[in-house]
Amino acid sequence: MLNRFCLVLLLVAPVLHAQEKLIDQWAQRLQWRPLGPASMGGRIVDLAVVERDPFTFYLATASGGLFKTTNNGTTFTPVFEKEDTVSIGDVAVSRSNPNILWVGTGEHNARNSVSWGDGVYKSTDAGKTWANMGLKKSFQIGRIEIHPTNPDIVYVGALGRLWGPNEERGLYKTTDGGKSWKKVLHVDNKTGCVEVKMHPKDPDTLLVAMYERERDEFDSNDPAKRWGPGSGIYKTTDGGAKWTRLKDGLPSGQLGRVGLCYYQKNPDVVYAIVESEKIGTGPATAFMGISGGNRVREALIQGITRGGPAEKAGIKAGDIVLKMGDKEIASYNDLIVSIRARKPKDSVAIKLKRGDDEELEVKLTFAQRGGTGNRPFTSYLGGQRANAIREQGKDGQETGGVYRSEDGGDTWKRVNSLNPRPFYYSKIFVDPSDDRHVYVMGIMFHFSTDGGKTFRNGARGVHPDHHALWVNPRDGRHLILGCDGGLYISHDRGATWDFHNVMDIGQFYDVGVDTRAPYWVYGGLQDNGSWGAPSRKRGRTGPLNSDWLRIGGGDGFLCRADPDDPTTVYCEMQGGRVWRVNVNTGERYTLRPPGKDLRFNWKTPFTLSPHDSKVFHYAG
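One point on numbering: in this note's numbering, the residue at position 126 of the sequence shown is 130, and numbering is uninterrupted.
These are calculated hints, taken from the structure and not from any lab test.
Fair warning: this is a prediction, and the values are worked out from it, not measured in the lab.
Treat the hints with care, since some could be wrong.
To be verified - Straight-line alpha carbon distances no greater than 25 Å define the calculated DMTMM-like cross-link-like pairs of lysine to aspartate or glutamate that follow:
1. K194 to E281
2. K132 to D180
3. K229 to D208
4. K141 to D206
5. K183 to D122
6. K246 to D208
7. K194 to E218
8. K541 to D551
9. K177 to D208
10. K126 to E171
11. K269 to D496
12. K205 to E410
13. K239 to D192
14. K316 to E332
15. K132 to E171
16. K229 to E281
17. K431 to D223
18. K320 to D338
19. K327 to E362
Stated by the list, open to error - Here are the computed distance ranges between Cβ atoms for each label pair:
20. K398 to D551: 55 to 63 Å
21. R584 to P152: 52 to 60 Å
22. D272 to K186: 23 to 31 Å
23. P152 to D192: 25 to 33 Å
24. D206 to A135: 27 to 35 Å
25. N101 to K541: 47 to 55 Å
26. D454 to H495: 18 to 26 Å
27. K398 to R584: 50 to 58 Å
28. Y593 to D454: 42 to 50 Å
Just so it is clear, CB atoms sit at the ideal spot from N, CA and C, and this is done for glycine as well.
Construct all of the structure, not just a fragment, from the sequences and the given hints.
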């Protein structure tokens with residue numbers, strides 16, 4: 005029997021080899037043509053500018069490699085295409101020799117769609133060629149810092165594996181240009197390094213943020229582990245030989261992700277954005293049992309606590325609160341303020357809007373707030389809202405936010421409560437020439453003109469989800485911004501922005517086609533919704549941007565066309581929200597069944613039967 009099996013393998017092997025060779029030949033002859041859409045860019049995670057020539061800079065993307073411009077973003081050239089990975093966590097350019105570049109692979113944000121890398125790469129010819137310099141099992145790179153006068157000295161913050169423990173994480177240092185590495189700061193095999201900042205005038209002094217985070221099989225919005233005992237800010241004054249953990253003025257509990265920024269003009273001034281396990285907590289006592297967010301001029305209820313006052317009153321997810329007692333509610337913040345004014349056992353009439361045209365009134369009795377649910381100052385997607393220091397009371401500094409140090413990080417004072425969705429952002433920047441101008445990245449672009457005491461939302465009309473910022477040290481009006489929608493440049497401190505939409509870096513999760521001739525192509529993109537367009541059209545141009553149709557929002561995933569009716573398309577976004585859309589009329593119907601805890605993953609698979617279009621399979 006074994007001899008027969010071996011004979012079969014010997015006979016089949018040449019056939020398989022011939023098939024593989026034929027497939028390779030076909031692939032080499034295929035002519036690819038771009039279809040679009042070109043109305044958005046894609047996810048930029050970091051940028052590095054040649055400061056002596058700010059028209060030259062590099063953009064690091066989540067899964068599209070590295071792009072270079074030499075004409076201030078008018079055109080870009082991909083310069084990281086032949087390496088073993090295209091997911092990047094950080095890019096750094098040497099100040100003493102701008103031909104020397106370092107790229108750390110593996111996106112550093114702890115989101116559920118993250119890709120991993122294979123260490124750090126170095127270029128000595130401004131990105132033309134690259135060499136892998138090791139740390140191949142670091143998975144994600146948080147930050148790279150290059151010595152200002154000796155480019156052979158480099159520090160690399162390695163985050164390590166997101167989905168479990170591993171040893172190759174912490175802060176690494178090379179003194180020979182990457183030929184060898186020494187781990188100079190290590191906490192444990194669960195805690196990595198997310199941030200490294202070098203003192204502008206003393207390169208032996210560094211501030212480092214260590215960060216414990218982990219995801220599990222449920223792949224929910226937040227990581228399963230967001231903070232830990234080893235997370236925090238560490239300082240060295242001798243190039244990494246000895247370290248001190250900084251605690252004075254910071255939250256006393258466990259910390260999560262931390263972002264840091266020196267003020268270049270006076271490096272004694274340092275800003276930090278700090279995540280705490282007590283994020284969003286405060287002295288409010290009344291409990292309603294809801295979660296929600298802002299829609300346009302509306303307070304939307306997005307979640308209901310089981311057995312809580314809202315559920316008992318008959319409030320449902322999707323309801324919009326119009327009025328609480330005598331107070332008109334025009335935003336979710338209005339609703340939170342109204343709740344804070346109540347006490348346990350208070351009863352109040354609440355006016356709701358349900359669906360498109362139904363209005364109703366319910367009576368709700370508040371309960372006592374307590375335990376881990378006592379987070380009245382949380383903002384959308386698990387962050388902490390701005391400008392709430394006074395409301396959070398004397399223990400507010402324990403909840404995290406924006407902190408300022410005036411002695412190089414030895415002691416800290418909280419200046420603002422702001423901390424939007426920490427695991428995905430936690431980036432803070434200060435104008436190198438004016439420390440009154442502070443910027444915090446988030447869903448919105450947050451800016452302060454008084455040293456962080458108050459923050460406002462800027463960048464109106466700019467794509468949300470901001471990650472990278474460069475402030476020109478010679479002209480603080482000049483900003484370069486990287487977000488989940490691409491690249492924006494401002495010359496008036498962010499009052500107006502130019503959108504440089506010249507890179508194909510969108511992240512498609514999936515592609516589907518219909519049965520028309522010519523067929524239409526549909527697909528869902530991370531952070532940029534779901535779209536469809538004809539594969540061909542009459543004329544010499546092919547499909548244009550105006551030919552693309554947006555059929556879904558949020559984070560787009562699967563798209564499938566009805567095999568019997570190509571005008572009917574199914575698309576989905578995060579959390580199991582699936583729609584059936586008529587692409588001719590725009591009519592849409594939701595197909596999501598009632599939700600239960602942990603029922604839906606980030607990406608929810610579904611299939612549409614090719615034999616009977618009425619058969620739809622949907623996996624929670």
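Discussion item. Tell me if the beta carbons of P152 and D192 are separated by a distance inside 25 to 33 Å.
Written reply: With a Cβ separation near 31 Å, P152 and D192 satisfy 25 to 33 Å, so the hint holds.
Item to complete: Confirm or reject the claim that K398 and R584 have a C-beta distance inside 50 to 58 Å.
Response: This hint holds: roughly 53 Å between Cβ atoms.
Discussion item. Run the distance test for K246 versus D208: straight-line Cα separation, threshold 25 Å.
Written reply: holds, 11 Å
Item to complete: Note whether the CB distance of R584 and P152 lies within 52 to 60 Å or breaks it.
Response: Holds - the Cβ-Cβ distance for R584 and P152, about 58 Å, lies within 52 to 60 Å.
Item to complete: For the pair we were handed, K177 and D208, check the Cα-Cα distance against 25 Å.
Response: holds, 12 Å
Worksheet entry | Restraint status (C-alpha distance of K194 to E281 at most 25 Å) | holds, 17 Å
Practice prompt. Decide if the proposed pair is consistent with the structure: K541 and D551, CA atoms, cutoff 25 Å inclusive.
Written response: holds, 9 Å
Worksheet item: Does K229 pair with D208 here, judged by a C-alpha cut-off of 25 Å?
Response: Given pair K229, D208 is violated - Cα atoms ~32 Å apart, limit 25 Å.
Worksheet item: How does the Cβ-Cβ distance of Y593 and D454 compare with 42 to 50 Å: does it lie in that range?
Response: The hint (42 to 50 Å, Cβ to Cβ) holds, given that Y593 and D454 are roughly 49 Å apart.
Practice prompt. Sort out whether D206 lies within 25 Å of K141, counting only the CA atoms.
Written response: violated, 31 Å
Practice prompt. Starting from K431, check that the Cα of D223 is at most 25 Å away, please.
Written response: Holds, at about 23 Å.
Item to complete: Quickly compare the C-alpha distance for K126 and E171 to 25 Å and report which way the hint goes.
Response: Between K126 and E171 the Cα gap is close to 23 Å, so the pair holds against 25 Å.
Going through the hint list in order, the structure does not satisfy hints 3, 4 and 15.
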